[in-house]
Structure formats: structure tokens, C-alpha cells
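Sequences are here, hints too, so could you generate the full structure?
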Amino acid sequence: MSDHYWAQENLTSYVAGGLTPEERELFDNHLFECLDCQEAVKRTRDLDDRLMSLFASEKPIPGLEDRMIQALRSSSAQATVRLPFLGRLMLSVAALVLFTVLGALLSSPGSVQRNATADRALMAFGSVERDDAALDAKEYMVEPLEEITVPGPTNALENRGSNDVASPFLPPGLSSPEKEASHQYFKPEQLFFAQMPKDQPPPSPEASSKNGAKPGAPKPQTEPAQKETNRPDSSGRKIIYTGEMEFEVDQFESAVERVTKIVAEEKGFIATVNSEKLPNGKVRGTVVVRVPPDRLHTLVLKLRGLGDLKRQHLTSRDVTKLYTDLEGRLRAARTMEKRLLKIIEEGKGTIKDLLEVEKQLGEFRERIESLEGEIRYYSNLIALSTLTLTIYERQLEAAAAVTVTENVQVGIETDDVEKAYREVLASVEEAKGRITKSEFKKHAGGQNTAVIHFEVSPESAGSLRDRMKQMGRISRLDMDRASLAASATPLANAPVKRKNTRFFVSIYNLANVAPRQEVIVELAAENPLAVFEEILKLARKAGGQVVPGGRDERTAQSLRINVAAESADGFELQLEKLGELLTKRRVYHPDTDQYTDTKRGFAIRLFDFSQLQPGENLGLKLAVEDVAAGFGKLKDAAKGVNGRVISSQFSDRDQSNITAKITIDIDRDKRDAFRDALNRIGGIVSQEAIAQAKTQQQTYKVETKVRYVIDVIAQSSLPARQTHQITIEVPNVVETAKRLSDLVKAESGQIIKSEIHQRPDGETDASLVFDVSQADAASLVQQFKDTGKIRSETINTNPKVPDNQLARARIHLTLSNRPLVPSDKGLTDQMHESLSKSYFWLWWSIRMIIVGLAASLPWLVIAFILYRIFRRRSEPSTAS
Amino acid sequence: MNITAAESEDTLVEQAKKGNRAAFEELVRRISRLIFARLYLETGDVHRAEDLLQETLLSAFRALPKLADASRFRPWLLAIAQNVAADAARFESRKKRDSSRLSSAEELGRIPSKEPPPQQELEQQELRAKVLAVLRGLPDEYRLPLTLRYISGADYDTICEQLRLSNGSLRGLLHRGMNRLRTELERLNVFSAAD
Chain U
1 MSDHYWAQEN LTSYVAGGLT PEERELFDNH LFECLDCQEA VKRTRDLDDR
51 LMSLFASEKP IPGLEDRMIQ ALRSSSAQAT VRLPFLGRLM LSVAALVLFT
101 VLGALLSSPG SVQRNATADR ALMAFGSVER DDAALDAKEY MVEPLEEITV
151 PGPTNALENR GSNDVASPFL PPGLSSPEKE ASHQYFKPEQ LFFAQMPKDQ
201 PPPSPEASSK NGAKPGAPKP QTEPAQKETN RPDSSGRKII YTGEMEFEVD
251 QFESAVERVT KIVAEEKGFI ATVNSEKLPN GKVRGTVVVR VPPDRLHTLV
301 LKLRGLGDLK RQHLTSRDVT KLYTDLEGRL RAARTMEKRL LKIIEEGKGT
351 IKDLLEVEKQ LGEFRERIES LEGEIRYYSN LIALSTLTLT IYERQLEAAA
401 AVTVTENVQV GIETDDVEKA YREVLASVEE AKGRITKSEF KKHAGGQNTA
451 VIHFEVSPES AGSLRDRMKQ MGRISRLDMD RASLAASATP LANAPVKRKN
501 TRFFVSIYNL ANVAPRQEVI VELAAENPLA VFEEILKLAR KAGGQVVPGG
551 RDERTAQSLR INVAAESADG FELQLEKLGE LLTKRRVYHP DTDQYTDTKR
601 GFAIRLFDFS QLQPGENLGL KLAVEDVAAG FGKLKDAAKG VNGRVISSQF
651 SDRDQSNITA KITIDIDRDK RDAFRDALNR IGGIVSQEAI AQAKTQQQTY
701 KVETKVRYVI DVIAQSSLPA RQTHQITIEV PNVVETAKRL SDLVKAESGQ
751 IIKSEIHQRP DGETDASLVF DVSQADAASL VQQFKDTGKI RSETINTNPK
801 VPDNQLARAR IHLTLSNRPL VPSDKGLTDQ MHESLSKSYF WLWWSIRMII
851 VGLAASLPWL VIAFILYRIF RRRSEPSTAS
Chain C
1 MNITAAESED TLVEQAKKGN RAAFEELVRR ISRLIFARLY LETGDVHRAE
51 DLLQETLLSA FRALPKLADA SRFRPWLLAI AQNVAADAAR FESRKKRDSS
101 RLSSAEELGR IPSKEPPPQQ ELEQQELRAK VLAVLRGLPD EYRLPLTLRY
151 ISGADYDTIC EQLRLSNGSL RGLLHRGMNR LRTELERLNV FSAAD
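Chains as they are written, first to last, in the numbering used here: chain U, 1 to 880; chain C, 1 to 195.
No lab work stands behind these hints: they were computed from the structure.
Among the hints, a few may not be true.
Just the calculated beta-carbon pair ranges, DEER-fashion [said to hold, decoys possible]:
#1 U:Asp325 with C:Pro65: 55 to 65 Å
#2 U:Ser74 with C:Pro65: 58 to 68 Å
#3 U:Gln70 with C:Ala129: 28 to 38 Å
#4 U:Glu25 with C:Ala86: 42 to 52 Å
Quick caveat: nothing in here was measured; it's all calculated off a predicted structure.
The beta-carbon is built from N, C-alpha and C at its ideal position, and this holds for glycine as well.
Structure (C-alpha cells):
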């Protein structure tokens with residue numbers, strides 16, 4: 001029965017498969033006997049099955065551990081890259097915040113300190129990065145290693161994984177051999193190369209097939225000598241060399257002959273020659289040459305002289321494996337054949353069997369033959385290299401001539417068209433040319449034109465051209481040469497046939513041709529009519545002609561003159577001297593037949609000087625002591641500088657305010673003299689440039705004149721330049737007031753007001769107002785001040801009043817004998833003051849705090865967010 | 001207790017502490033199903049459990065040098081798993097609170113499939129939840145072998161290895177655990193309801 005308890009205890013293990021085979025047997029035996037246990041097992045199994053099926057969909061996909069390890073490798077590799085970076089970022093952001101706040105707070109004390117901190121921060125940052133770089137370098141270092149042979153597939157996986165994750169986790173100093181090994185394993189290709197000799201580049205498939213030929217030499221013929229030394233395939237390598245070359249030659253037949261000779265020299269032979277005649281009469285063909293492989297390259301070199309080498313392609317193919325395979329199969333087939341033969345010889349077995357053997361034998365023989373054929377084929381290819389030459393004859397153009405025709409178009413400007421016309425005709429006659437068209441026309445206004453078309457032989461064309469150049473100015477000379485070839489692509493050395501040169505000559509005179517360059521001049525003159533005559537005289541001297549219709553006799557104000565180009569510059573200079581140049585424009589007409597460069601047109605307009613507004617208008621305000629006298633002086637001054645009084649006006653209706661107004665035009669160069677005169681007469685209060693009203697007719701201004709519009713006003717009507725307000729405490733008011741008034745009078749000042757108040761309590765106030773010249777004011781005020789204790793003093797300067805010798809100063813003087821009052825500040829005032837001070841400082845502090853917060857808060861927020869991201873990314877806290 | 005196994009595990013931990021990846025991976029092989037079982041009991045979701053397992057292992061590997069006593073590796077690892085699960089739960093609840101911030105991938109994962117699961121599957125889910133509740137109610141030593149067997153799909157030997165138990169000691173635990181589970185399930189009429 002102890003079995004029963006044991007079975008009950010181990011029932012679940014039985015179901016779960018946890019029993020050893022012996023125990024299992026034991027359990028099975030018991031189960032056979034015990035119904036209870038059978039029931040229990042059934043129930044347990046039932047529950048087990050239910051649970052199993054229930055959670056079947058919840059089971060992890062098989063390979064959980066492997067997946068975990070894989071994930072561990074990859075994710076930790078990622079994390080290692082990210083973590084230090086985030087950390088660095090955090091550090092830099094924190095530093096930034098700190099320094100920004102510090103900088104903001106310390107901005108006023110001095111920026112030097114801040115810069116220093118910033119530099120330090122940068123340096124720290126840099127050093128961190130440098131460390132990282134060093135680490136990287138370490139990680140990517142590759143050293144020769146011993147582990148290369150070790151890794152099997154699983155091992156390799158493990159190694160790679162451990163490399164990925166372990167390296168960043170290891171302390172920097174600790175570099176276990178295992179770590180390094182796995183690093184190296186990680187870079188298999190580098191390792192591979194590291195094992196090879198340093199000077200040899202990585203092998204390529206081509207190189208290996210060439211059996212010792214150095215790789216990296218794309219054209220084998222560059223080193224034929226070396227090839228030849230390697231040629232005898234001692235190693236048993238079977239290599240097929242083939243080549244293709246393409247030549248362009250002068251003649252196919254002779255080329256083939258040369259090829260035959262060269263090939264014979266190289267112990268080869270010509271396998272096939274194909275040739276065909278192309279539609280253009282040229283021959284194109286292919287020559288297949290067979291030559292021993294060691295001669296192939298010398299052959300190629302020699303063949304290069306055959307003609308233009310257009311293309312060359314040499315290849316080799318390693319058929320060793322194929323060849324040996326074939327040989328093996330052949331051997332096997334022969335053995336089989338022998339065996340079958342033996343069977344037949346022995347003659348054992350039934351007839352039927354023998355027949356079967358015979359049939360088999362036939363099959364094997366067939367196979368042997370085909371194998372032998374294949375081997376022969378390859379042997380042939382290996383023994384003799386095949387070089388295919390494609391040779392074609394050069395494409396020569398038929399000797400069809402290229403015809404060249406030359407057309408010359410000549411335009412001649414000349415004064416005498418008729419004479420030139422006859423000359424051209426005569427010279428064409430002389431050159432035995434053929435005139436195809438000739439016409440001569442006389443137009444109105446002396447305009448003549450002639451057109452001649454002719455053909456001459458090309459030899460005499462040049463001299464004819466030169467002769468025409470003598471006849472007049474060549475305004476146009478177009479030569480075009482058209483060569484017409486018989487075929488589409490003429491060759492450079494094709495014979496050229498020159499046809500007659502055709503000339504298209506047009507001759508014309510310049511009477512009606514407008515000048516290309518036109519100068520439009522507008523002049524202002526004192527006497528326009530005289531200037532007009534002067535211009536006509538000048539034009540005549542310069543050989544110019546007045547353009548018909550260009551002269552306007554009625555107003556005598558404008559005219560048009562054409563002057564020959566060579567004398568135009570002189571004419572222009574002289575023209576400008578005749579009056580004041582208002583405007584000058586140059587118009588260039590397009591360079592066509594209708595315009596000529598031989599003339600220059602002048603369109604001249606003349607203006608009366610006096611009718612033009614001066615270019616500069618000045619409005620002045622002149623303050624004088626006596627307006628009437630000043631007015632007179634002003635007129636004299638204007639006369640003195642040859643000025644022209646345009647208008648003058650004097651009004652003394654209001655005696656207290658006599659004014660005068662005068663408008664004077666003065667030459668510009670006399671301006672300074674006039675200004676001096678003005679300064680002598682009075683003081684210039686204000687000066688302004690008066691904008692000229694724009695009128696329709698008179699848009700021109702004369703720059704040589706300056707217009708003065710002068711308002712003359714009395715000096716006394718001006719306000720005082722300086723106003724002094726002085727309050728002085730003096731012991732004896734009345735006496736001081738009298739003394740000071742005398743002082744002012746002595747300095748020729750005016751006493752405007754003088755009031756003295758005497759009160760019953762003995763206090764006396766005096767209020768005095770003086771007008772003195774400004775030059776005296778300072779000394780006077782000083783004298784006033786010396787009389788007693790100054791209570792208050794203000795000086796106002798009126799900037800609108802000119803500061804000249806006529807400027808006035810007004811002094812408001814208050815004298816008093818009232819005693820000084822003590823400070824009126826009570827306790828309340830003092831309390832108020834200190835409270836307000838305290839309030840000010842409090843407010844200032846709060847404001848500074850707010851400013852500081854505003855400066856740093858965004859950074860703090862960013863830093864906080866980054867910190868949270870960092871927290872979330874990094875793993876949750878480790879063991880408690 | 002299998003003494004030789006314990007020794008080798010301690011050695012492995014020591015090796016892993018020195019940065020030996022292979023050793024740590026061997027540890028992962030030995031212990032990951034156990035942690036998976038624990039995490040599954042926590043979460044009730046096989047994919048989440050697997051994610052958390054991965055996170056746990058990663059954290060453990062990073063923090064391994066900090067582990068002072070190699071023999072305390074298992075409790076330490078389980079504590080990490082516990083923390084990871086708790087962190088994840090916290091993160092989850094926060095994400096639920098502002099669901100607008102869900103990334104699209106997570107959102108996709110949350111969207112239930114368009115077709116409603118078949119009736120049978122629904123019932124299975126319900127049943128699973130009940131059994132899981134019962135399992136959670138059992139003491140650790142009983143529920144872990146059962147979870148390992150039914151959820152992480154470990155066979156008997158693997159359970160032994162994962163729990164570092166001898167064959168014999170597992171038998172008793174398995175037996176008693178199974179019995180308790182059965183009684184609980186029968187008490188709650190879990191399977192009879194399905195029948």
C-alpha cells in the first residue's frame with residue numbers, strides 16, 4: 001500500500017512527465033492495480049489538459065530565451081549609444097541654464113567673467129567629446145587575432161552579441177581578451193585582409209583564375225613577358241584565352257595579307273576569313289586567328305600596326321574544373337566499358353543478359369565518345385587561343401566636289417553717288433564680271449541711290465572689294481560663304497570648287513540720312529537773338545548745314561544744325577560757351593541704314609535769360625536797427641553787386657512795426673559779396689530756400705542767378721535772445737534798484753519796467769526789467785549778483801532769435817530784503833520720503849526677480865522635460 | 001536543492017558581473033521562464049510579459065555590477081522584475097489618463113480587432129482570467145511551478161532548472177499546488193460552468 005501513497009504523491013509529476021523511466025514503470029504497474037489512482041490520474045490529466053489548452057494561446061512563442069538574448073544584444077547596443085549622448089545633452093543643457101542665469105544676473109558687473117565661464121563650459125564639453133572619440137577609436141581598432149578559426153555558427157552569434165553589448169558596459173580600462181576577440185570577429189572582412197600580406201590587394205575572382213598573373217592589371221598585354229613565363233601551365237590549370245579586335249584599315253585585302261604574315265610569324269594560323277562588300281563599296285570582314293596562348297600577346301602587339309585599332313577585348317576563362325570533371329567522367333566510363341567488355345568476353349549468363357550488356361556497352365561507348373569530343377574541344381581551345389579580328393575599310397567619301405559660293409553685300413556712303421556708280425560699273429567691266437542688275441535713282445532733296453548686282457570670278461573678288469572701299473565709306477559689308485557638298489558629310493580634304501562671287505552693292509549719299517547721334521542743347525542767354533546769329537556763324541564755320549524746317553524764324557528760339565562728325569566736338573564746345581547751358585541730351589538712333597555716323601545733329605533751343613527763374617531762391621529775414629535806412633542800404637548793396645531788383649516794398653503804416661520787402665536777383669559768384677554786405681546792414685534772423693512753384697512754360701532755371709527775397713524788420717520787434725530771471729536778497733532794496741538802473745543806463749540798456757513795493761512791515765520788493773545788448777548782459781548780471789544773496793536765477797535762451805551783435809538780452813530782476821526761510825521739511829515729509837525709498841527698493845527687487853525668472857524659467861522647463869525623457873528611457877530603478 | 005547547480009549559477013553570476021556576456025546569457029536561459037511566469041501572473045498578458053521580461057533582463061544586466069552577493073541573484077532579479085512591472089503599470093495608468101498622447105503604434109495595438117472575437121474565444125478569455133485569479137491567490141511556491149508549466153510552457157526538467165529545485169522537491173510542490181488549484185477551481189465552479 002505504500003505504493004499507493006507514493007503514487008498519490010507523485011501523481012502530478014507522473015502526468016507532467018517528471019518521473020524517471022523506472023519510476024514510471026513502477027507507477028504504471030500500480031495504476032494497473034489501483035482503481036483510485038486510475039481515477040485520480042484521469043482527473044489530474046483532465047485538469048492538466050484543460051489548463052494546457054486554456055493557456056495554449058497564452059504561451060510565449062517558442063524560443064523565448066533565444067529571443068530574449070537576441071533582444072538583449074541589440075537593445076543594449078542601442079542603449080549604449082543613446083545613453084551617454086542623453087547624459088551629455090542633459091549636462092550641457094544644465095550648464096547652459098546655469099550660465100545663462102548667471103550671465104543674466106551678472107550682465108552689468110562685467111561681461112569678462114561671463115565669457116570666461118562660457119569658455120570653461122565649452123572646454124568641458126569639448127573634452128567630453130574628445131574622450132568619446134578616443135573610445136570610439138579603441139572600439140574600431142582591429143588587431144590580428146587568434147580566434148579566427150574558432151567561430152562556428154552559434155559561437156559566432158554569441159560572440160557578436162557579446163561584443164555589441166559588452167563593450168560599452170565594460171569599464172574603459174578593462175579590455176579583456178575576449179572582448180577584443182569579439183571586436184575583431186565583428187569585422188570579418190578586415191580580419192580577412194589582415195591575414196593576407198600587406199602589399200597584396202584583395203584577390204578578385206579574375207585574379208585567381210589567371211593563375212599567378214598579378215591582379216589589378218586590366219590589360220594583360222601590358223605585361224606579356226610575365227604572362228609568357230607563367231604560360232606553361234605547370235600547375236595543370238586549363239585556361240582558354242580568347243580575344244577580339246576591331247580595326248579600321250585602308251584596304252581589306254592588304255590587311256588580311258599582313259595578318260597572315262604576322263600570324264605565321266607567331267606560329268599560328270588563320271582559321272576563317274569572312275568578308276562582305278558593303279553597299280558603299282567598302283569591304284568588311286572577320287578573320288579568326290588561332291595562335292598558341294603564349295604567343296597571343298605578342299600577336300596582339302604586332303597586329304596593332306594593322307590599322308586604326310577601334311576595339312580590343314581579351315578574356316580568359318578557367319576551365320580546369322570542367323576539364324578535370326570531364327576527364328573523371330571519361331575515366332569512369334572507360335572503366336565501365338572495360339568491365340562490360342570483360343563480361344562479354346567471359347560469355348557468362350544468358351543470351352538475353354549478354355545482349356543487355358551489349359546494349360549497355362553501346363551506351364557507354366557513345367558517352368565516351370561524346371566526352372572525348374568535349375575534352376578535345378576544350379583541349380583545342382586551351383592549346384590555341386582564338387583571336388577574332390574584325391576588319392573594315394575606312395569610309396572614304398566619294399571625290400564629289402564641294403562647291404563654295406560667296407555672296408558679298410556692300411553698302412557705300414558717298415557724296416557723289418553717280419560717280420561711284422560709274423566707277424563700280426567700270427571696275428566690274430574690267431574684272432570681266434557679269435552685271436545682273438544696275439539702277440541709279442535720284443530722289444527729292446538731293447538724295448541719290450544706286451544698286452548694282454554683279455558676279456565676278458572669285459579670284460578678282462578681293463581686289464574689287466578693295467576698290468569699292470576707296471569710293472566712299474563702307475557702311476555695310478556682309479560676306480557669307482556657303483559650301484555645298486555632294487554628300488552629307490564632306491571630308492576635310494575634299495576638293496573644293498569655287499563658284500563666282502556675287503556682289504550686291506548699294507551706293508547712296510547722305511543728304512537725307514539723319515545723323516545717328518543728335519545733341520539737344522538748351523541754352524539761356526542775355527540776348528537770344530545775338531546768340532542765334534552767333535550760332536549760325538559758328539555752324540557755317542564748322543561746315544554744318546541748317547536742317548530744312550529746323551529753323552524757327554518766328555520765335556528765333558530753336559534751330560537744328562547738322563555738323564560733320566569731325567568738327568562736331570569743336571562746334572559743341574563753342575556752342576556751350578555762347579550762353580548758359582541749361583540741358584544737354586544726346587540721342588542715339590539705332591544703327592541702321594537711315595542714320596549715319598558721319599554727321600552729328602544739333603537741336604538748339606535758346607531762352608531769354610531774364611525770363612528764366614533763378615535756380616536758387618533764398619528767403620531772408622534781416623533785422624536792422626532802422627528799417628528805412630536798412631532798406632536804402634540794401635538797395636545800394638544790390639547795385640554794388642550788379643544785382644537786379646525785381647521788386648521792392650516798404651511799409652511804415654504801423655510805426656511800431658515798419659517792414660520792408662525786397663526781391664533781388666544776383667549772380668551766383670557775387671553771392672558772398674552780397675552776403676557780406678547784408679551782414680554789414682543788419683543781422684540775418686532766418687534764412688530759407690523757397691521752393692519754386694512749378695509752372696507750365698518755365699521749367700528751366702538759371703543756375704548762375706540767385707534770387708534773394710529779403711524781409712527787413714526792426715531789431716526791436718525781435719524778442720530777446722536771452723532772458724535772465726534773478727531774485728536777489730539785498731539789505732537795501734530801493735537804493736540797490738536805483739544803482740542798478742543807472743548801471744544799465746550806462747551800458748545803453750533800456751529799462752522796461754521798474755516797480756518798488758514797500759510794505760508796512762518793512763519788507764521791500766523791487767521788480768525791474770531791463771533790455772540790454774547780449775554782449776553786455778553777462779557782465780551786468782554778474783554785477784547784479786554781487787549786490788546781495790542770490791535766491792534764484794534762471795537763464796532762458798530763445799534759439800529762434802539770431803545770436804549776433806544786435807541780439808538783446810532781457811533781465812527780470814527781483815530785489816527783496818525779506819529774510820531767508822528755514823527748511824520746511826517736517827517729520828511727515830521725511831517719513832514719506834523714506835517710505836517711498838523703501839517702496840522703490842522693494843519694487844526694484846521684485847522686478848529683478850521676475851526678470852530673472854523669466855530668463856531662466858523656459859530653460860528650467862526644458863531641462864525638466866529632458867530629465868523626464870531621460871528617466872523614462874533609462875531603465876527603471878534596479879533592485880531595491 | 002541541487003548543490004552543484006547552485007554553485008555553477010553563482011559562478012555564472014560572478015562571471016556575468018565581470019561583464020561576461022555568455023555567462024549572463026546562460027543565466028537568462030536558466031531563469032527567464034521563471035521571471036516570465038512571474039510577470040505573466042502580474043500582467044496576465046503574454047506579450048506584455050515578454051516585453052517586461054526583456055526590460056527586466058536589460059536592467060539587470062546593466063545593474064549587475066552593483067549586485068554584491070552573487071547568491072542573491074534570483075531574489076534580486078525577481079525584485080527587478082517586480083519594479084519593472086510596477087513602473088510599467090504606473091506608466092500605463094498615466095498613459096491612460098492622457099490618451100491623446102498615445103503614439104500611433106501604441107494606439108494601433110490598443111484598438112481591438114474589428115471583428116468581435118468568437119464566442120468560444122470570449123469564454124476562453126473569461127475562463128483564463130478566472131484561473132489566473134485563482135493562481136494569483138496561491139502561495140508563491142505552488143503557483144510558480146504551475147505557471148511555469150501551463151503558461152511559459154516549460155517541461156518538468158525546465159521547471160526544475162528555472163526554480164532551482166531538485167526533481168523530488170518539485171514533485172511535492174507540483175502535486176500540492178495542483179491539488180489546491182483543483183480545489184479552488186472546483187470551489188468556484190470554474191470548469192463546471194464551462195461544461
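Evaluated hints:
1. U:Asp325 with C:Pro65: 55 to 65 Å: holds, 60 Å
2. U:Ser74 with C:Pro65: 58 to 68 Å: violated, 21 Å
3. U:Gln70 with C:Ala129: 28 to 38 Å: holds, 31 Å
4. U:Glu25 with C:Ala86: 42 to 52 Å: holds, 48 Å
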